[in-house]
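Visitor: Spelled out, the chains give:
Number of protein chains: 2
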Amino acid sequence: MKRICFLAAFLLTATTMMAQTTKKSFTLNDLLSGGSTFWNLQPQYMFTTWWGEVPVELTVDEAKVVREKEEVKGEKLNVLFTTERLNEIVGETVVRTCTYLQFPYVDEPVVKVQTPKEIILIDFEKATVVWRGQIAEGATELVWNARSRAMAYCIGSNVFVQTADGERRQLTTDGSDAIVYGHSVSRDEFGIMGGLFWSPDGQRLAFYKKDQSRIPSYPQVDITQRIAATTVDKYPMAGCETEDVSVAVYDVRTKQTVWLQNPKPMTDYMTNISWAPDAQKIYVFELNRDQNFMQLYGYDAVTGQKDTEPLVEEKHPKYVEPMHTMTFLPWDATKAVMQTRRDNWNHLYLIDLTKKMYPEWRNEDGGGTSCDHVKVTLLTPGDFEIRDFLGFNQKEKTALFIGNVTHPLHHTVHAVRVKGERVKSEKLRLISVGEGVHSATLSANGSQMIDTYSSPSVTRQVSLIDVKTGKASSLLTADDPWKDYDVPEITGGSIKAADGETDLYYRLIKPVGFDATKKYPTVVYVYGGPHAHNVQASRGYYFRGWEIYMAQLGYVVFVLDNRGSQYRGLKFEQATFRHLGDEEMRDQMCGVEFLKTLPYVDADRMGVHGWSFGGFMTTNLMCTYPDVFKVGVAGGPVVDWKYYEVMYGERYMDRPDENPEGYASSSLLPKAKNLKGRLQIIFGYNDPTCVPQHTLSFIRACIDAGRQPDLFTYPGDGHNMFGTDQVHLHERITRYFEDYLKSEKPMTEK
Amino acid sequence: MKRICFLAAFLLTATTMMAQTTKKSFTLNDLLSGGSTFWNLQPQYMFTTWWGEVPVELTVDEAKVVREKEEVKGEKLNVLFTTERLNEIVGETVVRTCTYLQFPYVDEPVVKVQTPKEIILIDFEKATVVWRGQIAEGATELVWNARSRAMAYCIGSNVFVQTADGERRQLTTDGSDAIVYGHSVSRDEFGIMGGLFWSPDGQRLAFYKKDQSRIPSYPQVDITQRIAATTVDKYPMAGCETEDVSVAVYDVRTKQTVWLQNPKPMTDYMTNISWAPDAQKIYVFELNRDQNFMQLYGYDAVTGQKDTEPLVEEKHPKYVEPMHTMTFLPWDATKAVMQTRRDNWNHLYLIDLTKKMYPEWRNEDGGGTSCDHVKVTLLTPGDFEIRDFLGFNQKEKTALFIGNVTHPLHHTVHAVRVKGERVKSEKLRLISVGEGVHSATLSANGSQMIDTYSSPSVTRQVSLIDVKTGKASSLLTADDPWKDYDVPEITGGSIKAADGETDLYYRLIKPVGFDATKKYPTVVYVYGGPHAHNVQASRGYYFRGWEIYMAQLGYVVFVLDNRGSQYRGLKFEQATFRHLGDEEMRDQMCGVEFLKTLPYVDADRMGVHGWSFGGFMTTNLMCTYPDVFKVGVAGGPVVDWKYYEVMYGERYMDRPDENPEGYASSSLLPKAKNLKGRLQIIFGYNDPTCVPQHTLSFIRACIDAGRQPDLFTYPGDGHNMFGTDQVHLHERITRYFEDYLKSEKPMTEK
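Line by line, the protein sequences give chains D and C.
So for the first sequence, numbering that gives the first Met the number 0 puts the first residue at 0; every next one is plus one.
So for the second sequence, numbering that gives the first Met the number 0 puts the first residue at 0; every next one is plus one.
This is chain D alone, in the form it adopts within the complex (with noise of 0.2 Å):
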C-alpha cells in the first residue's frame, strides 16, 4: 500500500519553527506540492550525483564539480560541462537541464541524456557523441544496460530487446490485458517495482510474466468518453483468485528465452529478484499466498533449472515479508547482503554462498523461525531498523546505511564491517554528522558521501562527507524560508500505548497567535497502517502543509503514529495482525486523553482527518467513538479489508474465509449506524487502490441504518489527488472543519 502514503511527497526538510505575529499568512497554494506558489516557500535544494568518486551538482544550466577547495579559488574550472556545450556537441537540443544527467561510467567522461526518443552518450572532454540508441515509439517500462548498451522494454504487454546495434528483438507476443510481461506483479508489494531486470554484463534479461486471466477487471468508469466506458483494471480482492507469476531469462547472445522451472502451487510470489554477478544465476524471494513461509532460492539463469534447496527460509505466525533484494559484496561474488526482521528489527544480514549449514528451524527473536542452509550473519544488532541501505564502502569493506540506530525519531547514516562474523552494536559506526533525518548517496566505491538532512533545528544541511575520516564539508546551509511569515509551533513527544509499555511518537502544532487561556478547536490526523509514519525528527518533525493552515485558522492539530506503524519493528507492526484497526484506535485513543489533559483543547470539538488507511481510521474513529469525534474527513478510506487487494490484505488480514471475524469485526459496514457526528468521505472516482466499492458500500450502510454522512469524489483521480486537485481537495477538507468544528458549539448529524 506504498501508494497510500499521504498525499503530499514533501521533498523540504527543516527549520525551528515558532510562534509569531504580524507576519505573512499562507496559503494553500503556499503548503501543498500541489500548490501554484508551494516552490517558491521551499528551502533550498541541492541536486547532485556522482561521476565515480567525483561529486557532481547539477544545475539547469550546468554540472560542476563540487569538491570544497576549487569553490574556494572561485574559479569556474569545476563546470564539466554546460547545458549549452551538451547540446551544441550534439547538435540539438536535447536537454533543457542538467539536473537529471547521470554518468554511467566510473572512469570515463561521459554523460547519458535521455530524451522521449533516444538515449545519448556524450564525452563531454573530447566533446563527442559517443553512442545513440534510438528508443522505439511506445515504449514503456525502459532499462538501459550501460555496460551492453541494450535496452529492454515493452510495448503495451509484451517484452522487447535493442541491442547496441540498434537491433530490435520482440521476445514475447501473447502479450495482453490478461497476460502481461516484462511489467512488475503482485501489485508492487513485497518491494518490486519493475518487470525488467538486466544482468550486470547486460547479456541477459530476466522478466516478469503476469498472468491475470482468472482476476475480474473492477469496474473504473471513465467518464471523459463519449459515453461513459470501463476501462479494464484487473483487481484481485482478498480471498478471490489472483495472478500467476512466472520469471523468464533471454539471452541475448543465443536469442533464446528460458523460464524460471517453479511450477504453482510451490510458490505464489517470487519476489525480489537479483542477479548473481557473474549472470549465470539469478535469486528470487519466494513466498506462499498465505505470506507466512518465505524461501530464497537460486536458479541457473540458462537451464531455468531450480537450485534443490534453498538458501534460506522463514516461517511466521503471522507474516514474513521480503521487501528487499540480495546484494553481492563487490569483492567477493560469494558473499551476499539481505535484509530481513527475523530478530524483529529489520537489519542486514550476511549470506556466505560457500558455507553449507545442516538446516534446521531455530526460533528467532521477531516471533518466528529461521532455516538457513548456507552460513547467515547478522550484521546490524541492535534495537532498530534500517530504512536504507546505501551500498559498500569498498575500501573498508563496510556496509552503510541509514537507520534509527540513536533515536527511534532519527535516521542516521551508519557503516558496519562486513565479516562473517556477528558484530558488537558498538562497532556501527556513526558516518552522519547531525541529529534528524538524513538520506545519503554513495560514491561508486562508497568512500564519499553525499548526505542530506534536516531537523526541527535545521531547515536543510548538505554535506560532502569523507566516509573513512568522517570529515564534513558543508555544500548547503538552506535558510528557513519561512521567515517572513507566521509560523505555528510544532513539538515533537511521545506518550505510551495502549498496551501501557510502547512509546508512542506525536507531532502537535498549535494555533498561530497561540493564547493559553483559549480553548481551540483540534484536529487528530491519522494514517496508523504498515508502511508508513507521519512522524520523525526532520523539519517540523515532519509536518504536513495542511496542519500550518489548519494553525493558522485556530485549530490545535495533532499526529500520533499508533503500533502498526514504519520503523519500529516487526512486533510493533504486527500487534494489528487479523484484527486491523483495533490497536491503531486504541492507541490513538491514548492520544485522545493526552490531549484531553492540555488545558487549550477544546475536548468538546475535536475532530479527524486521514487518508486511505487513514480514512479507514477515520471513519472507524467516528463511528467506534461518536460522542469524542465531532467532525470528519476521511479519504479513500478501505472500508472492509474484503475489497482491498490480495497481496497487501491478506499479509495483514489473513484470507476471509480463514479469519471470519477477523473480517467481520473490523468491516465499518456494520458501524455505519453508530455515525454521530459530521462525517465526509472523499474518494478518488477511478481510485484503482482503495476502489470506491469500499467508499459506496459504506454510504449504502449508512443510508440504509438512517445515516448521513457528506460525501465528495474526485472524478478522473485515483487514490490520491495531485497539482489543483490536490489544493482543492483541501479546501473542501478545511471548510467542512470550518463549516461544522469551528463554531463554539459544532454541528452534528442531528
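Worth double-checking, as some hints may not be accurate.
One copy or two, it doesn't matter: identical chains are merged, so the pair holds either way.
As a list, the in silico SDA-like pairs of lysine to any residue whose alpha-carbon atoms are at most 25 Å apart [to be verified]: (1) K374 x K418; (2) K672 x D724; (3) K675 x S742; (4) K675 x R734; (5) K672 x G717; (6) K672 x S32; (7) K741 x R706; (8) K233 x T223; (9) K675 x D724; (10) K741 x Q707; (11) K672 x I226; (12) K254 x R167; (13) K467 x G51; (14) K470 x L441; (15) K675 x K741; (16) K672 x G722; (17) K672 x T223; (18) K675 x G722; (19) K672 x R225; (20) K280 x D351; (21) K672 x R706.
Rather than coming from a laboratory, the hints here were simulated on the basis of the structure.
Chain D is already provided as a structure; the job is to place chain C on it using the hints.
Guide: Then chain C, alone, in the frame of chain D:
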C-alpha cells in the same frame, strides 16, 4: 422523461389548509410516500372498478356493488363476494385482498384473480373455477387476452405465447441484451408502455423487436456483487447510434409470424400500435429520427404489407410527438379517434377511414402542417388540452375526456358528440361535478362514471355519475386527515411569464405560525420540463409533502410552472425548443421578482431545489443567478444534453451536430465557474435516466474551475429514491437548507 417526474407520486387529493397553531407537527415519514406513517395521514380512498354496467367497490375483504339504493336498505345484498369466499371456491389461498381484482366479462359473473403463478377465472355466482392458466416461470411483460384467454409474455428477451389450453410456444429465439423482443421500445417515449399487443379477439399478437446492438452499454456499476461489476444498460445518447425498431405479428391459429414491412430509413420510431376491431389491420404512428414528420399508417396484419399511403401526416418545424393510439368507435369500425396537437392544443379528432381526401399540406394553428388522406375532423375545439381520453358513451355516441376546459388548473370531465362534422366548443358538455382536478372511469358502455376529485377546498370526493342525466350520487366525502396538525397556508395564483403575455401559475406556501412582520428564508421548488406540471387546482394546489415540512421549519416555499411545462399547449411547451433552460429560467426569475414583492420573503435567503429536469434547472439557476440563489439542492440533473437520450433529448434539442450552439449554451459545464452559493448535487448511483456522467462531469468542471459544490449519491438507486431512501433523501435536502440557508447570514462558498 416521464420517469423523471418527481419522486413522490401522491395518490391523495384535497382539503383546505390554513395556518393553525398548537397542533401536531409532521415528520418526514408522515409527508413522503416512502414514509412509514404516510398512509395514516392520507385522505380516505375508495378502490372501484366496473363489472359491465355495475359499479363495484373493492376492499381488502370484499367486492360490493355501490348502488346507492341498496346501501340505503342497509342490506348486504350488494356484496358480490368476499376474499374468503374466493379462496374457498378455489380451495387454496389465491387472493389476500379484493382491491385489485378485475371483471373481464361484461355479462358474466366472473372475476379474474392473478397470482404470481397463475390466472384464475372464478364464477362467483356458481362458485366454480371457470378456468386456470399457469404462468410460466420467469415470465415478464405478461399480457392476457380475455376473449381467447391466451397469454403473451417474455422470458428474458424472447416472446412466448400460451394458449388457453396451456400450450406454450416460443416465438423468438435470438433474444439477447442486444436484440430484445416483446418489451417496450424507444425508452418509453411517445406513450409507449409495453411491447406485446393482442388483437381484440386474442388470436393475433403484435410485438416489438428492438435491435440495440449498435448502442454502447452505459457502465452502470453494481457494488453489491462480491467484486463490483457492470450491468448491461444500452443507452443511446443524443446524436449517437440508436436502436432499430420493428414490429411482428404472430397468428395463434396458423402459428406463423410475419413482419410489418417497413424498411429503414423510412421511419425511426414506430409508436402507438393499435388494432383494427376485426384484427385484420394494425395502425402505427411512425416518426422520423428528427421527430418533425409523423405518418399514421395501416398494415395488413396477415401479410405485413404496408398501405400504399398513410391516413394522416403531420410536420412541424420544431417537432411532432404522437403520444396516443387510434381508438375505433365501438359502434362503427370505419371510424376512429386520435389525438394530436396540430392546432396547438391536444385534441380529439375523428378519422373516417372510408372518406378519402385529396392529400394536401395545410398550415395548422400549432405552427406545423398536416396532410390528411382521409377525412379528419376536430371533435373538441377550444383553448384547452385533453389530459385523458376516457372512452365512449355508446348509447349517446359521445366521447368522454378529461381536460382543462374551464381553467388551466382545473381538469374536468366532458362529453362531446362524435359526428363527422366539426363541433362548436359549446357542444362540450360538462359531466363532472365540482371545480378541481378529476379522474374518472367509465362503465363498459360509458353510460355511467365513477368520478374522483379534489380541489383546494375539497379533500376528496368520489361520486357515481349518470353520464346522460348528470345525476351524481356521492360515494365518499373524505375528511381532512390533517385536522389535528399545524398545517401551513397554501395559496395559488398567477403571474406573467417573461414574454409579458403568458399566464404562469404558482403555488405559495407560507411558514407554519406565519408572522407577517418577519422575513423568512424562501425555497423555490422547480421542475420546469415538458410532460410535467407542479401546480393544479387539486388538494393543496398539488403540494408535495416536503413543502409542508419546510413550511413547518419556517420556510416560504414557492412553485411555478414555467413555459415548457405540461397541459398549456404546444406553443407554451415549444418556447424552449433548441435552447432548454433559457426561457424556463427567465420565467422562474419572474417568480423571484414576484417573491421579492412579498414583504415576508427574505430576498437574501433564497434557495432552490429540483430533481431531474428540475436538477438541471436548479444547477442552472445557481450558476446563472449566483447572487440570487444562495443555496441549492439539485437531484439527478441533466448537465449537458449530449449525455441525455436520443428520444427525449433530440425532440427538444435536435441532434448535437444540428444544434451545436444550443447544446453549447445549454450545457452547465462552462457555467460551473460561476457557482458562488452552496450547491449540493444528489444522484442515484445507478441512474439509468440521467446517467451519472452528467453529475460527474459537472463535478469535474467545478473542480477544474476551483468551485466547491457538495455531492451525494445513493448506491443502488436509479433516477429516483423510494421508501426509506426517499425519507433519507429529504432529511438530507432539508439539512442542507437548515445548515446553509437558515441562519440570518447564509454560508456561501468561501
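Visitor: A separate judgement is required for each hint: does it hold in the structure or not?
Guide: Okay, the hints, checked on the actual structure:
1. K374 x K418: within (12 Å within a copy, 110 Å between copies)
2. K672 x D724: Close across copies (15 Å), not inside one copy (31 Å); limit 25 Å.
3. K675 x S742: both (17 Å within a copy, 22 Å between copies)
4. K675 x R734: Both. Shortest intra-copy (19 Å) and inter-copy (14 Å) distances satisfy the 25 Å Cα cut-off.
5. K672 x G717: between (28 Å within a copy, 23 Å between copies)
6. K672 x S32: between (37 Å within a copy, 24 Å between copies)
7. K741 x R706: For K741 and R706, the Cα distance is within 25 Å both inside one copy (22 Å) and across copies (21 Å).
8. K233 x T223: For K233 and T223, the Cα distance is within 25 Å both inside one copy (21 Å) and across copies (18 Å).
9. K675 x D724: Intra 29 Å, inter 18 Å, cutoff 25 Å: inter-copy only.
10. K741 x Q707: Cα proximity of K741 and Q707: in one copy and across copies (20 Å, 19 Å).
11. K672 x I226: Result: close only across copies, 23 Å inter versus 37 Å intra.
12. K254 x R167: within (11 Å within a copy, 66 Å between copies)
13. K467 x G51: Answer is within: at 17 Å inside a copy they meet the 25 Å cutoff, but 110 Å across does not.
14. K470 x L441: within (15 Å within a copy, 105 Å between copies)
15. K675 x K741: both (17 Å within a copy, 22 Å between copies)
16. K672 x G722: Between copies, since 18 Å is at most 25 Å while 36 Å is not.
17. K672 x T223: Cα proximity of K672 and T223: across copies only (19 Å, versus 35 Å in one copy).
18. K675 x G722: between (33 Å within a copy, 23 Å between copies)
19. K672 x R225: between (39 Å within a copy, 22 Å between copies)
20. K280 x D351: within (15 Å within a copy, 94 Å between copies)
21. K672 x R706: So K672 and R706 pass the 25 Å test inside one copy only (6 Å; across, 32 Å).
Violated hints: none; the structure is consistent with every hint.
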